[in-house]
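From first to last, the protein sequence lines stand for chains H and E.
Each residue of the first sequence is one higher than the one before, counting from 1 in the working numbering.
Each residue of the second sequence is one higher than the one before, counting from 1001 in the working numbering.
Just so you know, these hints were derived from the structure itself, not from any lab.
The reader is advised that the hints may include incorrect statements.
Using 20 Å as the maximum straight-line C-alpha spacing, the simulated PhoX-like pairs for lysine-lysine come out as follows [to be verified]:
| hint | chain 1 | residue 1 | chain 2 | residue 2 |
| --- | --- | --- | --- | --- |
| 1 | E | K1002 | E | K1018 |
| 2 | H | K295 | H | K309 |
| 3 | H | K30 | E | K1147 |
| 4 | H | K248 | E | K1002 |
| 5 | E | K1002 | H | K30 |
Note that the structure is a prediction, hence the values are computed from the model and not measured.
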Amino acid sequence: MYIYDEIDQRVVDQRVAQFRGQTERFLAGKLGEDEFRQLRLRNGLYVQRYAPMLRVAIPYGILSSKQLRMLAHIARKYDRDYGHFSTRQNIQYNWPKLEEVPDILADLATVQMHAIQTSGNCVRNITADHFGGVAQDEIVDSFVWCEIIRQWSTFHPEFNWLPRKFKIAVNGATSDRVATHVHDIGLHAVKNEQGEIGFRVVIGGGLGRTPIIGPVVREFLPWQHLLTYLEAALRVYNRNGRRDNPYKARIKILVKETGLETFRAKVEAEWALLKDGPNTLTDAEVQRVEARFPKVAYLSLPAADAGLKRQLESDTAFRNWHQRNVQAHKVPGYAAVTLSLKKTGVPTGDATSAQMDAVADLADQYSFGELRVSHEQNLILADVRQSELFALWEKAKAIGFATPNIGLLTNIICCPGGDFCALANAKSIPVAAAIQERFDDLDYLHDIGELDLNISGCINACGHHHVGHIGILGVDKNSEEWYQIEIGGNQGETRQGQIRNPLGAAIGKVLGRAFARADVPDVIERLIECYLARRDSDAERFIDVVHRIGIEPFKESVYGAQSAKAAASGSTAPALSVPA
Amino acid sequence: MKLIQNRRAATDSWQLFKPVPAEGEAEVTFTAVPAEGDAIVPLAQWQQQKDALLARQGRTGVWLDAHEGADLIAADALSLPLIALNFPKFGDGRSLSTARLLRERYGYQGELRAIGEVFRDLVLGMHRCGIDSFALRDDQDVDDTIKALEELPLAYQASVDQPLPLFRRRAG
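So here's chain H without its partners, still in its complex pose (with noise of 0.2 Å):
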């Protein structure tokens, strides 16, 4: 992580004071419900549905033992003893009380953390590739231009009260792991054939009621020209953006509207006149940056472990966890692991304060006191030595972080849904939890293959529907839940050179009408049916059956071949029956 200089602390510290006298000024009756929702909201606090929740910042994912057990202490302090990681890298509090906001900021400006710009319509958390400076397709530490836009973006004062939220994302290595096409404006590290580092920009992705793949605005910028650029289309995204509609207010509206050819022109036009101003990066900014990240002190190992060999070759489930849970990684005899946060029966991405400590323990002993959070809500020690991956393994089964489900079926992404969250219109974590109950024999699990299933409990989509393998979307009709499904989406590949296909991001497609909550695990059953039926080999991931022959044999698969077309003509029939 990037340690702060006693400017970046003063940054912080300043703003808690400044969000103190704010909430005393509401609490004291001078200022208005409606102002003061506005700026708490700049300051990750929402109103929900039984008691505020405050979203605190991780910036692009990355945290310290120690901040992770500040995260505990104030689970334990303030709240319910537990938080919610979410997709994007954050962490939540459900239950905390208004009046001790300020508390729990003020503690977190100890260990260098805050809640700024986590909502509002300004630039939120920047998020980043989980397997940043580790992973062995890398071409840039996301991190280090993570953190640069970090500093660029917070309380920057032309774009705080944009038309809409604005969500930046930062791809370092050759694979897509962080979304890139459904943000607001995706980054995307490549190297020319001069061999200089800049970015593939994408802009006007993203999820949501009006989900669309975001296009390529610029080949290549050259990294010196990162933050004009920025300045430049933020500006033009200020200045035309529309305001008359909070559902048609994203960036990705604008491109569309605009057309992709003008808005690139005005663009270009606009960075045309800030380009080469001081707001152009220098190397020495870069290093400056780069240095306030602690170097990790690896040690010269071979670059496989014969213990290691021996104990996949002796011990199954330890070898099916090392199958999914641990990858690769850039140096030498080290591996990144990542600890699952999907246990079946605990709702996604949940961790209590017990297990935060636990994990900041494992991060002190065997991951240089460093851990991640990544977008699908698992935790990630990136710097394990092979040879300690066995002891981490059983500790972490301890703590119930080990199944072994990274890129399966049950490593559900899913929001917090209508148990929590005042927006949704259906409750996504005991789908969530039927689906795990359902698919719970591992060797059918591992036999199915890759999958993403995502789940979001209202339109707005938190849980990434729209780009899993299989979507569920939580849905309201007269009252009553139901769940529409989509299948085909897809966030970008992300284990490059591991897959046989590689499929760029993709939309998921509905299947047709929507389902009772009841009978979501049988049609996720029959989609898996289906797919085991038709695919060519092992290799082929479900994803890729999909794309290969259409979604029109899963429809029949899950409706039968008479209402496969009555389904897909939206009809809202409620009865589903599932044949049995």
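Since chain H is already given, all that's left is putting chain E on it; use the hints.
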């Protein structure tokens, strides 16, 4: 009118003129501006009546609504004593870009005034974008709003009040 100029409570010599809303198919009409007194007129009125307005004894300033871009007044900016920018709604940030462009691109040096939803907790950002005068919403407290200008004294980005980003000053 509660007014802050250059971080101080001030009395206002300017009168703000608004267009008369059009009914049905009728064109927007403008309020007649008296010969004496300083007047801030809508951009469209300025464009239509520039010579007459300049022939008055009082000074003339122009206000831009949030959808009206800086480029529309750029040609006259250097000769105007005052430009006002409207913030029609709490949370509408369009005029922030206009302010920066007037200062940074078009070299405007005169008084740049925020009108409309000018609220205590918004003035700091406006100030950093080059606005130096604030016609506060009626319910706002002048002294308390001046204090808001002192919050968050440290900022990372380049802006009108600090043309170099922090990283260039840090390096120095």
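Against the structure, the hints:
1. E:K1002 <-> E:K1018: Since the Cα atoms of E:K1002 and E:K1018 sit roughly 18 Å apart, the hinted pair holds (cutoff 20 Å).
2. H:K295 <-> H:K309: Outside the cut-off at roughly 29 Å; violated.
3. H:K30 <-> E:K1147: The given pair, whose Cα atoms are some 15 Å apart, holds under the 20 Å limit.
4. H:K248 <-> E:K1002: Since the Cα atoms of H:K248 and E:K1002 sit roughly 36 Å apart, the hinted pair is violated (cutoff 20 Å).
5. E:K1002 <-> H:K30: holds, 18 Å
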